[in-house]
Amino acid sequence: MSDSTAETLVLRRGRLHDPANGVDGATGDLWIRDGRIVEPQPKADREVDLDGLVVMPGGIDLHSHVAGPKVAVGRRMQRPAADGCPDAVPTIHATGRLYAALGYTTVFDAAIATAAAPLAHLELAELPVLDKGIFLLAADDDEVVRSLAAGSADEVARLIADRVQASRAWAVKVANPGGNRFWKAGRRGDHRDLEEPLPGLSLTGREMLSRLAQAVADLKLPHRLHVHTINLGLPGNWRTTLSTMQAFDGLPAHLAHIQFHSYTGGDADETTFGSGVEPLAAWFNDHPELSLDVGQVLFGSTMAMTGDALAAEHLAAVTGVPWSAHDGFLEGGCGILPVTYREKSLVHAWQWAVGLEWFLSVNDPWRIALSTDHPNGAHFTAYPTLMRLLGDEAFRREAFERIHPAVRRNSPLAGFTREYTLNELAIITRAAPARLAGLPQKGHLGVGADADIAVYRPDADLSRMFAMPARVYKAGVLVAEDGQLRCSVPGGVLAARSG
Amino acid sequence: MSGVAAEGGERVVCTGCPLVCDDIVLRAEGTDAAGPQPFFEHACAVGEAWLVQASARQPAAAAVVDEEPVDAAEAILQAATRLASCRRVLVTGCQDATLETVAAAASLAEQLGAAFDAGAAESAISSGPLAARLGRVTADFEELRDRADCVLLWHTDPSQTHPRFIERFLEPAPATGRRRVFVIGGAVAEAAARGWTSVAIPQSQGAEAAVSLQLMLATQAPGRAAQSTCELPPSSHGLGAAVAEIAAACRAAACVGVVTSSGAEDATGLAAAAVSRLVTALAHTKPAFEIPLAASPRGAGPATAAAVCTWRFGAAGAVALANRDGGLLAPAEADACRLIDRRDVDGVVVVGEPPAAVTAALAGFDGLVVALGGAAPSTRGLQIWIDTAPTAVASNGQLLRDDGRLVALHAVRPTARPAAAAVIEAIRGHLSDEELR
Chain E
8 MSDSTAETLV
18 LRRGRLHDPA
28 NGVDGATGDL
38 WIRDGRIVEP
48 QPKADREVDL
58 DGLVVMPGGI
68 DLHSHVAGPK
78 VAVGRRMQRP
88 AADGCPDAVP
98 TIHATGRLYA
108 ALGYTTVFDA
118 AIATAAAPLA
128 HLELAELPVL
138 DKGIFLLAAD
148 DDEVVRSLAA
158 GSADEVARLI
168 ADRVQASRAW
178 AVKVANPGGN
188 RFWKAGRRGD
198 HRDLEEPLPG
208 LSLTGREMLS
218 RLAQAVADLK
228 LPHRLHVHTI
238 NLGLPGNWRT
248 TLSTMQAFDG
258 LPAHLAHIQF
268 HSYTGGDADE
278 TTFGSGVEPL
288 AAWFNDHPEL
298 SLDVGQVLFG
308 STMAMTGDAL
318 AAEHLAAVTG
328 VPWSAHDGFL
338 EGGCGILPVT
348 YREKSLVHAW
358 QWAVGLEWFL
368 SVNDPWRIAL
378 STDHPNGAHF
388 TAYPTLMRLL
398 GDEAFRREAF
408 ERIHPAVRRN
418 SPLAGFTREY
428 TLNELAIITR
438 AAPARLAGLP
448 QKGHLGVGAD
458 ADIAVYRPDA
468 DLSRMFAMPA
478 RVYKAGVLVA
488 EDGQLRCSVP
498 GGVLAARSG
Chain H
8 MSGVAAEGGE
18 RVVCTGCPLV
28 CDDIVLRAEG
38 TDAAGPQPFF
48 EHACAVGEAW
58 LVQASARQPA
68 AAAVVDEEPV
78 DAAEAILQAA
88 TRLASCRRVL
98 VTGCQDATLE
108 TVAAAASLAE
118 QLGAAFDAGA
128 AESAISSGPL
138 AARLGRVTAD
148 FEELRDRADC
158 VLLWHTDPSQ
168 THPRFIERFL
178 EPAPATGRRR
188 VFVIGGAVAE
198 AAARGWTSVA
208 IPQSQGAEAA
218 VSLQLMLATQ
228 APGRAAQSTC
238 ELPPSSHGLG
248 AAVAEIAAAC
258 RAAACVGVVT
268 SSGAEDATGL
278 AAAAVSRLVT
288 ALAHTKPAFE
298 IPLAASPRGA
308 GPATAAAVCT
318 WRFGAAGAVA
328 LANRDGGLLA
338 PAEADACRLI
348 DRRDVDGVVV
358 VGEPPAAVTA
368 ALAGFDGLVV
378 ALGGAAPSTR
388 GLQIWIDTAP
398 TAVASNGQLL
408 RDDGRLVALH
418 AVRPTARPAA
428 AAVIEAIRGH
438 LSDEELR
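Protein sequences appear in the order of chains E and H. First residue of the first sequence? That's 8 in our numbering, and the numbers climb one at a time after it. First residue of the second sequence? That's 8 in our numbering, and the numbers climb one at a time after it.
Be a bit skeptical, because a hint or two may be false.
Said to hold, decoys possible - Non-contacting residues of chain E with respect to chain H, defined by C-beta distances greater than 12 Å in every case (computed):
id, residue
1, T15
2, G158
3, L208
4, T211
5, A288
6, L305
7, H321
8, G340
9, D489
10, A502
What the hints assert, rightly or not - Quick partial rundown of chain H residues pointing at chain E, CB under 10 Å, derived from the structure:
id, residue
11, T88
12, S92
13, C93
14, A127
15, W318
16, R319
It is worth saying that the hints were derived from the structure and are not from the lab. Glycine included, C-beta positions come from ideal geometry on N, C-alpha and C.
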């Protein structure tokens with residue numbers, strides 16, 4: 008039976024992990040009324056005993072792909088899932104159900120074109136339970152690109168503000184800055200750098216990034232510019248990723264699925280493919296204005312989908328898999344294709360190791376968000392496995408021993424013994440995403456916070472612990488229990504107002 | 008968007024075909040012996056007739072049950088009562104429905120445990136699941152107009168299903184200034200006058216031609232390892248010369264657009280798959296895309312319903328059981344025509360005008376047919392028809408053009424006729440009543 012928001016609910020004696028408020032496992036009570044966490048009340052209408060259970064804020068997925076036209080194509084392209092396994096690209100209802108059952112209460116779709124925003128919102132309106140928002144691919148909009156080329160900061164800001172408002176977006180995303188202009192001009196698969204002007208314009212990728220970041224900062228949007236940089240997936244791309252980080256020159260920016268942008272190597276020889284994390288992490292750790300999500304790869308089959316048409320085509324060409332793409336009018340495009348990551352594949356094993364290396368190399372967990380760039384790196388239901396890989400060094404080592412031997416010999420991952428604590432896991436899955444997204448009322452358990460709460464049974468096996476929360480509350484309503492959806496409340500739409 | 012004021016008139020969206028032209032202007036109404044008549048500027052003949060019909064006065068009866076006129080409320084109750092006692096129901100049609108209407112229809116299907124077929128292209132061919140998994144490289148219509156300097160009309164005459172397609176998207180010059188158009192098989196009116204090249208490849212050789220062309224075009228893409236080229240043997244069923252000319256044009260082009268149509272002649276989908284593979288292969292080397300046109304005889308086509316079905320059920324149509332947690336695309340089992348022909352269903356809910364094949368199948372169907380809007384299909388047995396507001400000119404909402412672009416509708420001629428979504432919700436309300444469960 009669900010708990011009504013009108014009554015006063017108290018969750019007693021849980022072990023609270025609330026990093027935003029400095030609480031690391033202390034036993035305490037949570038009082039809930041009208042969908043919010045409130046001060047202790049004289050009496051409660053209902054009490055729930057959480058003695059011995061771990062309590063965290065609801066999970067927040069800062070970078071996922073759950074709605075819109077390219078997700079629809081992904082649903083149509085995917086093979087039927089094996090019995091008992093979720094579809095790689097679930098229906099919109101199943102997506103909400105699965106996230107809620109996992110303890111997640113907020114999700115952002117990280118790449119929606121401006122023309123697709125109304126349709127995406129119609130679809131997201133059917134996403135149960137979760138609060139949701141979209142990141143707008145405003146930098147693919149032709150008029151925005153031309154204004155960036157003209158260099159008028161006021162005009163850029165005005166256009167972006169208009170589009171964010173009209174699209175009810177939360178943030179601005181740039182996917183492969185200028186990439187779609189290269190794509191439509193006939194470029195295929197090759198590396199480029201940030202200094203190359205876009206076809207037909209005097210604007211470089213570097214200028215796009217810095218001007219966009221400035222516009223987002225000027226507009227005081229709640230989340231910084233969200234950046235999928237150039238050369239995704241290409242060997243040797245760590246250099247352009249470093250150039251990307253440097254392009255911001257002190258402006259805040261968020262680097263999306265950094266794992267896919269952190270490789271050494273060259274085109275001619277696959278065996279030179281490797282980890283470029285070390286120099287990137289060094290720069291990142293020294294520049295607090297930057298944040299990132301990892302885009303961890305986990306082994307298995309999934310669907311890749313991206314607003315980076317160039318990257319998708321190249322991957323399809325290299326792997327020979329079926330591929331879909333669509334070019335939008337006066338906008339960018341997208342690419343969708345099936346992917347299977349294998350432990351014994353040299354490239355896939357490196358990708359897996361590079362992602363984990365990132366998690367273990369970042370000094371400040373408040374600047375990193377856990378993600379698999381669902382579904383590109385792995386399904387979001389695999390997050391518990393990823394959390395165990397981070398929190399259980401023995402488990403990580405066992406997995407490491409199964410991957411390609413060349414990666415075992417050469418990956419810096421072998422030298423990492425760090426284990427994420429429960430509090431650090433709470434940071435990268437809730438507290439940090441909330442802070443990075445600009446959601447002061449989420450990601451913590453303090454008075455005034457949204458009563459989005461996940462309750463777990465402690466278990467030495469972290470994947471088992473996080474795979475099936477005992478209880479999940481959304482705005483104080485019990486929505487999931489032991490992996491089952493109990494109540495399908497409608498979530499809210501997170502839409503930014505520019506300042 | 009319709010309803011926006013245009014100088015001297017009101018902007019209207021035409022839903023007479025899947026082109027969903029949104030540049031129609033309803034001008035001051037002239038008069039004739041029958042009274043005031045609207046004038047729709049820019050509309051084609053099909054669109055004009057469609058919009059005039061949509062603007063027409065309400066029919067004499069709001070609803071018909073068992074060939075007797077009744078009020079809508081009675082018909083809605085009858086529909087719910089009879090649907091509740093059906094063994095298995097199919098929900099279909101939605102060829103001219105807004106996203107909101109389709110969402111309501113999908114909810115009805117779930118409530119009834121019904122099958123749902125929105126008439127998407129891959130729903131009608133047995134290889135539909137494979138076709139969907141093969142993928143496609145496509146583009147908005149305007150991308151064809153602005154960028155494609157070589158266009159192949161692959162066994163399709165767009166004017167038959169999308170009357171203004173040529174005028175709007177092929178006649179304007181692309182950025183390169185000149186466009187070469189090949190009409191492959193069939194006949195397109197005034198092709199010669201337009202300077203288009205007709206290539207006599209029969210439909211029966213469509214798949215072979217696509218494969219041949221793909222082989223001829225296999226070439227070295229920048230930055231990729233060289234692929235071997237292939238020359239067809241001279242006696243390759245006579246296709247060699249024809250395909251060679253097309254290949255030469257494609258090689259020389261900056262951007263290639265291939266316009267196709269989901270036709271009944273390609274029952275297995277082999278030809279369609281071959282063309283999709285051709286375009287995909289070409290797109291790996293240069294800008295190229297397919298423009299698949301729905302073969303919808305009337306109405307805005309299946310794109311809208313396909314979108315809702317996909318996000319709701321995981322498949323664009325031919326879902327055996329409407330389930331929001333997902334369902335299999337099963338054309339051999341859950342295609343509307345097959346379900347009707349095999350009597351796998353004993354009740355059919357038709358939203359708006361169904362595709363012609365479904366209309367034909369329903370002609371021999373003796374189960375329950377609940378038709379919402381459109382013209383009532385004829386059956387030997389029970390029949391319920393409930394009038395609803397036409398999508399064009401009289402409805403608010405949103406729907407998708409054939410290429411997936413969202414178009415907003417505004418009722419410029421509001422009507423007392425109920426919206427289809429409202430009728431569906433009313434039926435659902437009765438189905439929830441204790442007495443019917």
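* Outside-interface status for H321 of chain E - nearest CB in chain H farther than 12 Å -> 9 Å, violated
* To do: Grab the minimum C-beta distance from T88 of chain H to chain E and call the hint holds if it beats 10 Å, violated otherwise.
  => Violated: closest Cβ of chain E sits about 28 Å from T88 of chain H, beyond 10 Å.
* To do: Quick one: work out the minimum CB distance from L208 of chain E to chain H and report holds if it exceeds 12 Å, violated otherwise.
  => Its Cβ never comes within 12 Å of chain H, the nearest being 15 Å, so this holds.
* Could you check if W318 of chain H really has its C-beta closer than 10 Å to a C-beta on chain E? => 5 Å, holds
* Asked: Against chain E, with CB atoms and a cut of 10 Å, does the hint on C93 of chain H hold up?
  -> Not OK, violated: C93 of chain H not within 10 Å of chain E, min 25 Å.
* Given as non-interface: L305 of chain E, which should sit over 12 Å from chain H by C-beta -> With a cut-off of 12 Å, L305 of chain E remains clear of chain H, as the shortest Cβ separation is near 22 Å.
* Confirm or reject the statement that D489 of chain E sits farther than 12 Å, beta carbon to beta carbon, from all of chain H. => Its Cβ never comes within 12 Å of chain H, the nearest being 18 Å, so this holds.
* Asked: Would the least Cβ to Cβ distance between G340 of chain E and chain H come out above 12 Å?
  -> 8 Å, violated
* **Evaluation of the interface hint that places R319 of chain H against chain E, nearest CB under 10 Å** => Since chain E brings a Cβ to about 6 Å from R319 of chain H, closer than 10 Å, the hint holds.
* Asked: In terms of Cβ atoms, is chain H entirely out of 12 Å range of A502 of chain E?
  -> 18 Å, holds
* Verdict on T15 of chain E as a residue remote from chain H, using beta-carbon distances over 12 Å -> 32 Å, holds
* Is it correct that the beta-carbon of G158 of chain E has no partner in chain H closer than or equal to 12 Å? -> 24 Å, holds
Consistency note: the structure conflicts with the earlier hints numbered 7, 8, 11, 12, 13.
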